[in-house]
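Colleague: All chains should be built: construct the whole structure from the sequences, respecting the hints.
Number of protein chains: 2
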Amino acid sequence: MKKVSYSSLSREAAAELYADLQKTYAEYVARGLRLDMSRGKPAPDQLDICEGLFTAISKNGDVADVSPDVRNYGGIDGIPEMKALFAEILGVSPSEVVIGGNASLTMMFDMVSRSVTHGVMGSTPWCKLPEVKFLCPVPGYDRHFGICECFGIKMIPISMNADGPDMDEVRKYVENDAAVKGIWCVPKYSNPSGITYSDDVVRAFAALNPAAEDFRIFWDNAYCVHDLYDEGDKLLGILDECRKNGKEDMVYIFASTSKISFPGAGVGAMAMSEANIAAAKKVMTYQMIGPDKINQLRHVKYFKNLDGVMAHMKKHAALIGPKFETVLNALDSELSGLDIAEWTAPRGGYFISLDVLPGTAKRVHKLMADAGVVMTGCGATFPYGNDPKDTNLRIAPTYPTVDELKTASELLCLCTKLAALEKIMG
Amino acid sequence: MKKVSYSSLSREAAAELYADLQKTYAEYVARGLRLDMSRGKPAPDQLDICEGLFTAISKNGDVADVSPDVRNYGGIDGIPEMKALFAEILGVSPSEVVIGGNASLTMMFDMVSRSVTHGVMGSTPWCKLPEVKFLCPVPGYDRHFGICECFGIKMIPISMNADGPDMDEVRKYVENDAAVKGIWCVPKYSNPSGITYSDDVVRAFAALNPAAEDFRIFWDNAYCVHDLYDEGDKLLGILDECRKNGKEDMVYIFASTSKISFPGAGVGAMAMSEANIAAAKKVMTYQMIGPDKINQLRHVKYFKNLDGVMAHMKKHAALIGPKFETVLNALDSELSGLDIAEWTAPRGGYFISLDVLPGTAKRVHKLMADAGVVMTGCGATFPYGNDPKDTNLRIAPTYPTVDELKTASELLCLCTKLAALEKIMG
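Protein sequences, first through last, are from chains Y and E.
Read in order, the letters of the first sequence are residues 320 to 745 in our numbering.
Read in order, the letters of the second sequence are residues 320 to 745 in our numbering.
Be careful, since some hints might not be right.
Identical chains blur together in the list; that is why a pair holds if it fits in one copy or across any two.
EDC-like cross-link-like pairs, simulated, lysine to aspartate or glutamate; straight-line CA separation at most 20 Å [what the hints assert, rightly or not]:
#1 Lys-491 with Glu-450
#2 Lys-601 with Glu-468
#3 Lys-447 with Glu-468
#4 Lys-600 with Asp-461
#5 Lys-620 with Glu-370
#6 Lys-634 with Asp-364
#7 Lys-601 with Asp-461
Keep in mind that the hints were calculated from the coordinates and are not lab data.
Modeller: See the structure below:
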């Protein structure tokens, strides 16, 4: 059957097609599905492959070769061995790494919280300012936006292109408005679009001349080693690029092993200039004695080095690659050529971003829910939960099984068509 | 040799004694000691007894009986099993417990930080107030005072009696000054005096009528199960006492397994009214997805319940009890009857508090340092590091060996005498 753009359908053809699709939809509803494509979290089989981590330290002798004793107090910024591993992962120097607890999200929140209460390297604490603004490339990660909401930071959406945020927009705000203190970025396999920032975009970030001395790029490299294919996307090292311009204090990098080892019990990290680390530590020293060093050593003993991490990530790719392909195959075969949807085909990360016909995302979401499939909430990928064009849906393919995904993806295509036809027919 | 109060010594007798003691001191100096009585941390043998914790979870099957999966995301306030264990330890209901990461200190800091940025249950954020004050029973815990310093909270010292803080002083401030938002307490085996608050003191806390609606008692029950003897001190349950007065929102309780399992990799917890928990979670939900649940389950599987914890604490007591006794024996045999020092004989906890002749603590500290023994910094047990009478020294007996402690304690008595004689002779 040749595919025809929906916009070129006659009124009668559209109505006929809609009636057909409704019948199919009714069959799905009758099946009483209970599926969930909303959660960007690893499936149980991805957790099972990390079993060896449990016993990477199994007796007192296993901690004896590391000094000071990882079981005791101390080590506010992590053990040297774990800093070395994250330095290798992130392409920075070990002296530019701070190890945290089990979540980079908490490190991001705390970094913003410190800026609110204490300022940044001597700047006015943000709580004393009339207004603080962050730039938010959209669609983006809801928990980044949540941190801004929590502290009453005004969010300004920034358009995303195929190679990263629109840097003209970014430059306009950052270089002219001293209230703009930050920008949220997921530079590799971006959440949710899956794109990786181009070298030009990274260099444009590193060349920014911020109006605010305390402007920082929050560079959440959450998917730094999360390739689906042998040849992964390459991301230019922003700290090095910033340093070339004498602006190494302008960026905070975040990462974690949450989607390498265990989401609930991994190791988070930040990378930044030594001056930024010294500034952060001035407050951190009151907040903590040090994060869990046994878990750090456990990870070091298990993964050993970047090669060990990459070998482990290939096992993840083998498990979730087919899931991404299941969704993408459905989208390609069902929706391509109809001019009612656009989507990304990420080569890594955890999400696929689907833009349905503007004005129909909420309707698609509801049709899915009514048929028993939970999708990420509409608008979650936008500041204040507001998708102005009502077009974006985030697909999280990792948690369901391939069979479940096949069903859910086919239903998603069906709902996208139904909602589009409703819109077109008016 | 009969002991004579130093104040009754003739000038000649004092000078002669001083000369004798100086000779002995010179012998200590000549030994080139390298000892440390400054750190309130467990010794390696205390960490060795917890070896079984490493393998309490050793394979995927070990996490299979707990749902949801502890390896994955989620569980912002901890797993039910860990809440139940801390509820038993603290004598509260599991619904009144929030589990954190590896440190109760971080939970205290974050609680203050949230109050600074967001207020308490709808009160004005403390960063918007002209002044915020905390009461600090002295001597106390330096890291509590550090949190206040970090946020510019004014600290007011409160006298400590043998049964807890002077509640008349506490009441005067709390009930008349709405800028007083908190008080730091270590109610059992207090840091550093080792005393436990009496039932009357606990009831007096629970009966406070604060001028500030957002006044909270920061009840750091760090040594809740840290008895040195079979018959431990008993601490009345403050949350229950507060509830009897309809004031269950007035207290935050903190505790951790840092000195039960591993200081670097234990589990922290807070206990408080469900209303306080709901208020804290409003901000926590932006800061974290959830603390390390695998480590929680590891602790639950290893300790099982309060009986398991108490059996384990007996092993700690067997290791550190003799250390406390070594110090106390030296103080008793060398300093009693001389009227130049007073000290506590704690039945648990991690410290012994020594009050030397007023005006000589810094001198004693320096004499010790010059002979190669590090003591906790003078003034560390007071707000702003200022011991107004220059009298208090904190002894941390757990980390050194018994032999090291014997030497260090004898030297401490010697230095206390030397400094006292210098003072008396003028």
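Colleague: All the hints need checking, so say for each whether the structure fits it.
Modeller: Okay, the hints, checked on the actual structure:
no., hint, verdict
1, Lys-491 with Glu-450, "within (18 Å within a copy, 39 Å between copies)"
2, Lys-601 with Glu-468, "between (25 Å within a copy, 12 Å between copies)"
3, Lys-447 with Glu-468, "both (17 Å within a copy, 18 Å between copies)"
4, Lys-600 with Asp-461, "between (27 Å within a copy, 18 Å between copies)"
5, Lys-620 with Glu-370, "both (13 Å within a copy, 17 Å between copies)"
6, Lys-634 with Asp-364, "within (10 Å within a copy, 40 Å between copies)"
7, Lys-601 with Asp-461, "between (29 Å within a copy, 16 Å between copies)"
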